[in-house]
Amino acid sequence: SMARSMAKATSEAALSQVAVHVGLDPVLEDRRRRESPRSVTAYLLWAMASVLGNHPMLNARLADDGKSVEIADDVNLGVAVATDEGLIVPVIHGAQKLDLDGIAAEMDRLAHAARGGELTVDDVTGGTFTVSNLGMFGVDSGFALPPPPQGAILLVGRSRRVFVPGGNDEPVLRTEAWCGLTFDHRFIDGATAAALLTDFDAALAAPSGVPAEASTGPGGR
331 SMARSMAKAT SEAALSQVAV HVGLDPVLED RRRRESPRSV TAYLLWAMAS
381 VLGNHPMLNA RLADDGKSVE IADDVNLGVA VATDEGLIVP VIHGAQKLDL
431 DGIAAEMDRL AHAARGGELT VDDVTGGTFT VSNLGMFGVD SGFALPPPPQ
481 GAILLVGRSR RVFVPGGNDE PVLRTEAWCG LTFDHRFIDG ATAAALLTDF
531 DAALAAPSGV PAEASTGPGG R
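Residue numbers (the numbering used here): 331 to 551.
Source of the hints: derived by calculation from the structure; they are not laboratory data.
Built from N, CA and C at the ideal position, the CB exists for glycine as well.
Heads up, some of the hints might be wrong.
Stated by the list, open to error - Beta-carbon label-pair distances, calculated as ranges:
#, residue 1, residue 2, range
1, Arg488, Arg445, 17 to 27 Å
2, Gly456, Lys397, 45 to 55 Å
3, Thr505, Val451, 31 to 41 Å
4, Gly497, Glu400, 13 to 23 Å
5, Ser398, Asp470, 14 to 24 Å
To be verified - Under the rule of at most 20 Å between Cα atoms (straight-line distance), these lysine to any residue pairs were calculated in the SDA-like manner:
#, residue 1, residue 2
6, Lys427, Ser346
7, Lys397, Arg504
8, Lys427, Arg445
9, Lys397, Ser346
10, Lys427, Ser489
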């Protein structure tokens, strides 16, 4: 059960967290340009899938012997979905091979199957990393627990409009969201986790593959 998995995560793992505020204005602008806008969650999953392979220790698990690390070949992203029966984490397999539209389509299929009780065993197993977007529930931040045997999970809070210093220290209005990366410190160090967040933020700044001129840089402030 989910409760047993979370109890195992807290009793066996040495959990730590790093966090940043990521900019979302390029994502929102990209959504406005599309005839069929994708959800912000789809962009978050796409951005993570596109950079996670460059940080293999965060797409890995500690082996049963508690010593060796098993690095996954594919990025299999778990995405937390709220249902009437509670939280379910279906998995987008081979997410690094999918573009934004592919991620969105698979996410919609899994969410529909989850809420209809139609998920298969394959749909809920094999995850290597999880993304949980709680912004839709009004949550600003939190401390998520990676579902065993995964070594890390990203929790995303709600977006908000804030003023940040611009190029000439003039205030610039920016849309941002808090992102906290919880990781197992037994085999992942803080610098490795921070590097993933920096790349994740950079991917969100260029959702169309073109760097945004108005970006205020990784972390935002």
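Would you pick out the hints that fail for this structure and give their numbers low to high?
2, 4, 5, 6, 7, 8 and 10
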